[in-house]
Each structure stands twice: as structure tokens, then as C-alpha cells.
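Student: Here are the chains, one letter per residue:
4 protein chains.
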Amino acid sequence: MSSTYGENLKLSIFGQSHGPAIGMTLDGIPAGLPVDLDQLQEFLNRRAPGQNDWSTPRKEEDRPEFLAGILDGYTCGAPIAAVIHNKNTRSGDYNSLKDVPRPGHADYTAEVKYGGFQDAAGGGHFSGRLTAPLCIAGGLCKQWLEEMGIRIGAHIVQIGSMDGEYFSLTNPELDKIGMFFPTLTAEAAETMQHTIAQAKEQLESVGGIIECAVTGLPAGLGEPMFGGVESRIAQIVYGIPAVKALEFGQGKSFAASCGSMANDPFIVENGEIRTETNNCGGILGGITNGMPVVFSVTVKPTPSIAKPQRSVNLKTMEEVTLEIKGRHDPCIVPRAVPVVEAAAAIAIFDLILGNSQTNRRK
Amino acid sequence: MSSTYGENLKLSIFGQSHGPAIGMTLDGIPAGLPVDLDQLQEFLNRRAPGQNDWSTPRKEEDRPEFLAGILDGYTCGAPIAAVIHNKNTRSGDYNSLKDVPRPGHADYTAEVKYGGFQDAAGGGHFSGRLTAPLCIAGGLCKQWLEEMGIRIGAHIVQIGSMDGEYFSLTNPELDKIGMFFPTLTAEAAETMQHTIAQAKEQLESVGGIIECAVTGLPAGLGEPMFGGVESRIAQIVYGIPAVKALEFGQGKSFAASCGSMANDPFIVENGEIRTETNNCGGILGGITNGMPVVFSVTVKPTPSIAKPQRSVNLKTMEEVTLEIKGRHDPCIVPRAVPVVEAAAAIAIFDLILGNSQTNRRK
Amino acid sequence: MSSTYGENLKLSIFGQSHGPAIGMTLDGIPAGLPVDLDQLQEFLNRRAPGQNDWSTPRKEEDRPEFLAGILDGYTCGAPIAAVIHNKNTRSGDYNSLKDVPRPGHADYTAEVKYGGFQDAAGGGHFSGRLTAPLCIAGGLCKQWLEEMGIRIGAHIVQIGSMDGEYFSLTNPELDKIGMFFPTLTAEAAETMQHTIAQAKEQLESVGGIIECAVTGLPAGLGEPMFGGVESRIAQIVYGIPAVKALEFGQGKSFAASCGSMANDPFIVENGEIRTETNNCGGILGGITNGMPVVFSVTVKPTPSIAKPQRSVNLKTMEEVTLEIKGRHDPCIVPRAVPVVEAAAAIAIFDLILGNSQTNRRK
Amino acid sequence: MSSTYGENLKLSIFGQSHGPAIGMTLDGIPAGLPVDLDQLQEFLNRRAPGQNDWSTPRKEEDRPEFLAGILDGYTCGAPIAAVIHNKNTRSGDYNSLKDVPRPGHADYTAEVKYGGFQDAAGGGHFSGRLTAPLCIAGGLCKQWLEEMGIRIGAHIVQIGSMDGEYFSLTNPELDKIGMFFPTLTAEAAETMQHTIAQAKEQLESVGGIIECAVTGLPAGLGEPMFGGVESRIAQIVYGIPAVKALEFGQGKSFAASCGSMANDPFIVENGEIRTETNNCGGILGGITNGMPVVFSVTVKPTPSIAKPQRSVNLKTMEEVTLEIKGRHDPCIVPRAVPVVEAAAAIAIFDLILGNSQTNRRK
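Residue numbers (my numbering), protein chains in the order written: chain E, 1 to 362; chain G, 1 to 362; chain L, 1 to 362; chain Z, 1 to 362.
Stretch-level coverage of chain G by chain E, calculated; a stretch enters the list once three of its residues show a Cβ under 8 Å from a Cβ in chain E:
# : region
1 : 101-109
2 : 206-213
3 : 268-276
4 : 298-309
5 : 312-318
Below are the DSS-like pairs computed for lysine-lysine, each with C-alpha atoms no more than 30 Å apart in a straight line:
#  : chain 1 : residue 1 : chain 2 : residue 2
6  : G       : Lys98     : G       : Lys307
7  : L       : Lys98     : L       : Lys315
8  : Z       : Lys325    : Z       : Lys200
9  : E       : Lys307    : E       : Lys200
10 : Z       : Lys87     : E       : Lys87
11 : L       : Lys87     : G       : Lys87
If the Cβ cut is set under 10 Å, some of the chain L residues that face chain G in the computed set are:
#  : residue
12 : Pro20
13 : Gly23
14 : Gly28
15 : Phe66
16 : Ala110
17 : Lys113
18 : Tyr114
19 : Gly115
20 : Asp119
21 : Ala121
What the hints contain is simulated information worked out from the structure, not anything from laboratory work.
C-beta: ideal position from N, C-alpha, C; glycine also.
For reference, chain E alone in the conformation it holds in the complex (with noise of 0.2 Å):
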């Protein structure tokens, strides 16, 4: 199995960068809930590219063609699928990352894996245009959590050695995120774009962190061991390309720390229970603790760059230097802001699925 998702829901992400279309079909989604196309619409054209100086130039539209599981603007309960036609299909001769894998990408190891049989234009089934169709379950799944005053929001915290402000974890404000340039503060953005815009210059590509935070949880969400939400989001988000580090709350901070100033001291506020600090990104045991979930997010830099590389020609077993031909994005890290966003709004989601079984007597 592979490219599934999900206890509660099931999700399924097909297509390949080149293919004829790429798609998802969502399973399990109750029946009666309202999408907004036009919503979602305005959430993918976040991660689709061409919009700027820094993106790949190449024009997609990705505009999703719904062919089961929505009718008159709500979920039916039949399985949702939607379909992206891909409108640069195969042309050039992509042989050639079958012989010589570029570094960085799936090109050998899917050439290892199946055998010669992959689709291998354009990285095929791990090209990053497959979180085209994630961005659509999830667009989908942050208006529903929306609906229930969840919400949802990422940004940038560094790109290249750039750092941004990181949230507030008792208090992430999430209006306060960029629309043009996801940070923070106006600064921080100039300063990331104008490193994205070297990097460029340099032929070469460089790699960030993203922040992600969820407001409005309840506590109780989430299942004990590898049920826990963050199981739940490791499994989704490390699903994204390029995605090689993860943290919960205070994350790797937590090493040089010591007890008195880990632990969240629970407090009353307005006569609710609250933590005063919330190290723990808001998850205790794998469980929701009523404070905002935060984690962070390390992406890789691009590995297409324009500098030649070292790579072997599979077939004859020479050390070759390689040159990637066509424009690439030197810096993935603003377009999978919103990839990361969905990807938590499956999982939180699914969980929020799941939950109703918990605790019938309360």
C-alpha cells in the first residue's frame, strides 16, 4: 500500500507529474457538509506555481473537476473524487532520468523499486505536483474544521539561514500571517525573498521551516500510542516531498531543557483548565490538551538545480555530470505552506472522525 491515508477517512492520491491527470478520491466523509468551491479555489492557487518571481514559470491551472461525492454545494456521502488535468503531458524524451537519476530526487530509487517500469517523466508518482490533489482534500477538510472554529494556518520561520518570528505557542496568531509572502512580520519576508532571489542568481536552491499552527481543538482528540495526533501528522506530513525534520511545541528544544521548564503548569482560566506555557505544542500522550497544536516543519532545499552534478549512467555504470535543463523553483518552501496546512487538516480532521467513539458516557 502507499499513497492512502487515514483511519476514519480514506484518502487515495493518484496521477503521475506527466500523466493524463492526477487526482484523489476521499472515502468516509459524512454526508451534508458544505464545500465552497471557490474557497478552495483560492487555497490551491497558494501552492500553485507561476505566481511570482521565485516559482517555476510554468502555468497550471489546477482547477479540480469534482466527479463524485458533491452535490448542490454539500457532501452527498459518497466518496468524493476530483481530478486535475494535466495539460503539459508527455513530449520530450524523459528516458534520460531513468539512465542517469538526478540527485536529491526518486529517480533511482523508483528505478530500483520498479524495475525500469516507472513512470519517470517529471519524477512521475513523486513529483511534487502530487500535493496538488492533497491540497484538495485538505482544502477541503480546513473548511469543514473551520465550520467547527478550528483553525488552521502556516507560515515561514527560515529560509536559508534567515530566521522569521515563530507563533506565539499559547497564542499563535494566525492573522497576523503574510498573504503575499507567508511570515510573520513584513521584514522577515523581504529578507527570505531577497535569499530565495540569490539563490536563483547562484543556480542554486535553498531550503526553510515552516510553522504550522491549529486553534480551536478540543482536548481529547486523539488516540493513545500510534494513534496519537502527532503519529497522525508525522505519517501525512512526512507524505510531502522534501519534508526531513519535524517538531511538536518546543520540539528539539526539549533536549537541553529540564523538567520544571518542560512541563506545562496547568492553570484556570475564565474557568477553563489551560496550560500556562505550552511546550508541548498542545498534545499530552498523544492526546489534545485544549491548547493550540503547533509544529514546525523542515523542507529540504529544491534538489533541481541548475549547477551540473555528479550522477551515474545506470546503464553503463559511469560517473556522469549531470545538467538539469528547464526553470525550477529555487525554493519550494513558500508553495508547500499551504501543502503543509492541508496536510494537517486530513489528519486533524480524521481524527475529529474518529472521536465520536471515545467516550460515550461522559
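Chain E is fixed; fit chains G, L and Z onto it per the hints.
Tutor: Here is chains G, L and Z on its own, set in the frame of chain E:
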């Protein structure tokens, strides 16, 4: 669903800290795999408490009784079941944990989730004690992987602010891991133990970072997207209590890197494809590339500390000061090392069981 | 995967006939459900052997020990685990079953599947004894369903060529089922017992048909296609050894019917929608319609008979005559009645746990 | 969850009768399997309506468009996705089906389950039309099985009260199945077609029984208990609309049999183990024994009939007389024959994918 893991095997973990027994069932294991119970016991002893200065003196033997699935030293194809009977069962009054939740523990989230019906004694099903059955399953998988030439080793790279040496990503030397205290150098072991002893004196606890490497893996293991090696490892590793960050290869350092530094060039070595560096931690597109899989895990400081802490009495909704009685590990990291190995072993063995499907024609 | 069932709960059954213990884990059960262990024991006793003339005199007590998941008479949200320790463990030489497989049993298929590593004693994991843990899980689910007003009752409608009365499909009278021998009339009980006694005298065995009804179900339970009530019941019922046919409602008689006779007209009764007949057995499109769910199950004759039978010595590949020693049930049908109820209870409770998702807006 | 099937492959079916498209995704299929689209189309045509007197004249072409997973005539390892665009999309007013549910259809249960949000047109997601994507997946699996020497054939053994010949259980002659009307003898075909024509004249419909055989299977396929071949086939077969009974081997006749007649003696034939009879339908303990797997399926009469029927107006709660307009198959059984083959093919191929795990050491 909750305490169940696996796509091709099914691991189910049960038990509460002070219940009659904890245990696991492991279904989907092929018949005819040898089982060395002495070697398993040695592995379990690495996790057991009470063996040194810095861990809790509660003496549990953690000796599993196998109820099913093993016959005459081999798996017999039927589900494997094993239990560890608890000796320290419910004695004192644990209802106070329901009333006044310990900061950093799952007491409060369990109370909300299970509406007061949870087994609160010693953390119940959320107790670190549940990692013992995880180690039974993982210890078995580790043996079977070793038979195939796949080795797994973890060690401590940070305790509090004290750093130790990291593995070479291209050539992790598992044999250099210390037996008594698992670090790569004796110096690191000493300073880390000192840090733990200090924390104990100060009625505090410390966190740390564990690095784990898997060597001898074939290329081509893993599935695309949510079935990738990172996703599968992440799901189980985040099921270990107190884990709050997970990084693969260069991990978080990727953010400040650039494409030409981050990508691992393909080379030919002894007629085989390898990569010159291994920044990606042996995984491209979720699939192994034949290089060592290396990841690191951040463990937060033990939440149970002797220092007084602030909490709330859930019945009266008054803020109170909580003092946790009894002895507790000032640092859980050393005992978590075999648990991380166990989790990795289960994830990898599960992937190997599924791998036979991917490429029939090659 | 194998001995695992459920979409919303996860039932895992383990054990071999003559191993140290058999048992089950049941994960995904809400906290706070009451558990009546005496009532459970009564239910298990209905399956236990040695209680009368026609069943094997091996006296097993089948008294489950609960290791986890239940606290002070209520489920606590953690996975439930229970074991039954075997008293008659491995004594004789069972290797002969590997060499000369018994016709009608799984000895041969297990040998092929597990390559000689299987536990052959008493049928190992394929033994009918494994229905005891199924009855633990099912007995619990039955209690929880009864709390919701959902009742399940099964009885025997045929033994050999002797027919008994069937339920009224619209109004199955569960209270009319005989306590000692589960039929609707005393006459049927008598003739069926006579048939069993006769089979025993003739060193033979007989099969039969069990009918099961579930009353008090809400309409709207089940999922479309492969998640329908029939599919879910079928998967678990065919997991009971010796079941070879399964029919819903009119079942096989539908073949010779016509549309106007087969369809169940909708009517209004006491202001509620009902159907006048219930040929469909309470299920339309896989979803309950609020009428009783009624199905029947054909059980083949016990394969173990005292008469000599023809088999093959797998080592020498010679055809041989096999005589099965020991006492065996001449008819397994009466003891299978509670097992069918258990299977139905588990399937229905699983569907109810999932049902909360389907319609949020109504 | 609902319209998803499979343990080792994941089949997901989507679409509503009158929606824009119906389709399926099929994940977990190895790379490098050949795909013959012409042969697939021939298979699909067997299910298509409008080809003869007794089926509905609505002309659908049921020509699948493959969006993903197939490249240059071979599977490429990525999930397979295919759609069939609907030509007869929503035109008339189907709200009447919500108000006055058709007896025998899922109109009422869908209304209750989805609270009025369901797509009622033509039965929506519950329509028999959804068996077309099932046949896409099944047609592919059938091809791949044939490559391994595993053949699947189904035929009609009963229409109304007219019986045809059954397969020999030990040697089902798949090649004797009629091309035009799938029975073993031309006589049976004639009388059955006559029965269907009669039903049509009388504004009625008839049911029937389909028998299906799988030959060339290896012994050792299937998993114990709920993963047995019977359970796996049952789950998918009961996902076909109108199936109400399922029998394996002798099926229901086992009830009146006795042990010595029911058991299949093992014999040696050409140096191989076989059974002399095949009453068990090739399955012992849920595992194949190398003999043909044979099962039969009862299909209820088409619920849509021209005769007036009684129903209830759900809005007014008045009992009304319903007349179903349009043309409908007086007998769905002939068109269900390839659907049963498809279901069997999917179940068997899924089991084969998982089978590699069971015995590594043999």
C-alpha cells in the same frame, strides 16, 4: 483505533501500568523464523529500570511469557502473543492523579478523553511501561532483520546541553556504541551521566537526543507518499512517550543548506551505486536508496520531577501545588535507546514484509 | 494479516489449540461501558464442551482472565485483553497430523502454508477452540448492544435432514429459543437431538443450519459497497470454522422469486416507516432499514469422525487409511450457536461505532 | 469507511449513477504487469446493458479512461486510476425517489443514512452502475491471474425456477460456458431466456443463481480466521448489489450431509496431492488446498418492476402506490456474471499479493 501499528504485520499493544499484565500480539509474521529468547531477554534488559544510579529503582523483571505463535524456537505462522505480568499492581490510591493531573503527563488528557473511566494508576495505558511490549515485538523483528544482514543501533548524542558525537551518515559504526551507557565515546558517556546526576540532585530531570541507524538495507524499500519509510518510522516513533522531534539525515540542518550541498551525488563504488554523502539519511522519495537510514529523536525531560509544580484540582477547579512522591528517572533517555531501536525494527520489518509486492517482473 | 477483524474496533485473536493460552485483544472500545463478567461467563458456557451427550467430554472451563482494558466493572478506554489458559496442553504426539492430514480439516493446508512450522497439535490456530476468544469479544459486544436495546439471538433450524421452525422475518421471537437446546419448538429439539445421537452411534457426524436475528437496530447502519452490513457480517461469520454458506433474509429462495414478491412494500405503522414483509433481512443496499436483520449459516458436518477415512502420508506419498482417535462432537452445530451470535454482535457493534460519522447534519 | 476493499491492494470505487463520472483507484499493484486494454473492453462489454432483449436499452459505452498507473501497456507501480464518463447525466427530476422510496432499493436507507443529502438520482452511489468500475479493477486482476495460470469463470445455474447444470466441483470446465448466454448447456440458456422474457411480459423481474470457479490456484493461499479465502471473497461479493446468499463448495447441502460424505479424501494423482471429491470448494480452514475454488451466489430479482407497488411518501407519511417509469432489466443475473468474476479476481489477486509473506523458509 489506537494501540495498533503496521501495514503488513499487525502489532497490538495492551495493558496499563498497574494492571494485571501488559503485553502484545504480533500478527502477520511468516512461519519458520527462528526466535532466540535469551537474546530477546538481553535486549529487554537494556530497557529495564533499576539497573543503575540514574534510573528508578523499581525492579521489574520484564520477563515475557509467550502464549502463542512460537513453537520449538520458531514462529509457527499463528499470531504471536506475549505478556509480562505486573508485580507491583495497584496498591495505593491513584485517584489523586485524576483529581490533580501531573504537568507534562497524560493524566489530564486521559481524564477528558475517557471521562473519568481511565485507569489513572501510574499513567495507565499511557505509561512508559507500555514500551516493554513494544520492545518484545521490536526485539523479535531485530533478530529477524539481523538474519538478513540488516542491523539497527541507537545511541545518545545529547543529554541536556551536553553533546556527544554523531554517526557518520555514510558509515555509521554501530559497534562503537558503548555497552553500559550508549554513546560513541567514553567521554560523552561520562559528561552525560554527570548531567543526569546533577539533574537528580536538583530534583530535576533532563531530556536528550537519540540517533538511530539502520545498515544493510536493500534499495527500493518503502512506498510512495504516506507509505514512505519516513512516514512509517515517524508513526511508530511518535508512539513512544516523550518523543517530540524527529529528523532524517541532516534533518533540521537542511533548512540552512543549499541544493548543491544538500544533494547526495551518485557514485560507483565496487561496481555498486552509492551516494558520496548521505544527507538524505538513506531515503529519497520515501524509498531507501541502499545507504544507511539514519534518524534522530528528541526526548523531552521526564515530566515526573520532585520539585513542586503548579496544577489544578479538577473537582474544585482550584489551582494547587503538586508534589510528586516516589522515585522517578531523572532522565529517561538511556532507557529509551532500545525502545527507539525496537520501533525502527518493527517499522523496517513491516516494510520488508510488504516489499515483495512491489516489483515482480524485475 | 489474518486473525484480525474490524473497521472501528480491532479484534485480534491468538492462540493454538494446545498452546499455553488462547486469547484476544479488543481495541477501539469507548471508555465507560459496563462489563458483567457473570453474564459473560454464562454466555461462554453455552459454547463450552462437555455439557451433554452429544458434545466432546473434554472439560474446559473457558474462564477468561482479563489482563487489561477493564477497571472496576467498566471499560477504561485502553485495549481490552483476555486470555484463557489451556489445561490440556501438548501431551501426546501430534506430528502424525503433519504426516497424515485429516480430511476436512486444515492440517494439509496449514502444512503447505507454513512449511511444516505450524503448530499441528489439535489443529493449532485453526482449531474450533479459537472460537472461545471470539465469544469473549462477542459476549462483551452483546452486552453493550443490549444496553442500547439491540438484541441478538440464534437458534438451530436444521440438523442433518431434520428441519425446525424458522423465525418470522418481520418479528423474530428471540424469547422462544429453547434454553437447553436452541430451537423454536421442543419437538424440533427432540428430533434434532435424536439425529445427533444416531450419527454418534454410526461413528458419523452431521451438519446443520443456524439462523440468527438482530432486533432493535436503527435504520441507516452500514456503509455502501464493501462496507455493507452483509459484507461485514460475512467476513466475520466465514471466520468461524466449518461455515460454508450464508444467506440474508429470504436468501437462496430469492432465486426462484419474482420482483413483486421479493420486494418489501413500505408501510406506516404507529407513525413509523416499516416494511410489510422483510424478505431482504433488514438490509437494503448494505444499509439497515430498521427491520430485524436475519441471516442463516450452514455448518458442515464435524470433519473428525470415528469411521476410517482415506488420506495420504505426506512424507511417503502413500495413500493410507486414517482412524481418528479420541472423542469428538458428532455435531458441532449446537455449540456454534453462541459463536454465530458472538460474530454478529462484534460486526454490529463495529458498525455502530463507525456510524456516528455518517450523518452529522440531520 | 465504505467503498474501499483490499488488504494488500486497495480498491476505491467512486461515483453516482447520474454524476459526471464513475471510476476507481487501485493502489498497491506491482510494477511491470502487462495490461491489455482491448481484452479489458471485451470483459466490460459483457456487463454493459443494451445488448439484447432482456436488458435495459440505455446504451452506455462503459469505455474507461485511464488517468494514472499504466504506461506503455504496463503497470508503472503508481496507483491505477480510471474513470467512465457518464453520458446520461442528471436530466429529470429525481427528488421523487427521496420522497417515495422504491421497495427493494436503497432509496429509503440512503435517505435515513445521509439525511436527505444523498444523490438520489438513479440510486446514486448505490446504483448497479457502480459495478462497472468494479469490473475495470476485476478485469485487470483477471488478466494478471491468467498470466499465472489462474482462470476464473462464472455462469448461470438458475433463473427463477429454471435450473441449469452445475460445474463438476473437481473439474469445472470453464470452456463450456456459453458465450452469448453464460450457461453450461444451450438448453439451459434457452429455458432461462424464456423465463426472463416471460417475466418482462408480466411486468415482473426474476432472480437467479450464479456459480463461479477459480482454477489453477496454488495451495496455501489465504489467512486464518477472518482473513480466509471465504471471508475475503464474501466481503467483496456481498458488495455487489442484489447478492443475498453465498455458498462455497457443497454449500447449503452440507447441512443434510454426514462427515464421511462431506469430507474430501486425500489422494495422490500424478505424484501430487489432490482430494477425490471437492465438497469443500477448494478451501479448508480458510486456506486453498490446490483444488478449484467454487462458490455460488444468489441474486435477488431486480427491484425495479413495471407493476405498481406500495410505498410511503416520506414527507406526508402517507401510504402511496408507486409506478416506476422507464425500462429496466427484467433480470440482472446475466449482467452480474462478469461482476462476480471481477469480484473473485480482485479477492484472489489481493490474497496472492499477500501470500509472499506466509512462508519464507520453505
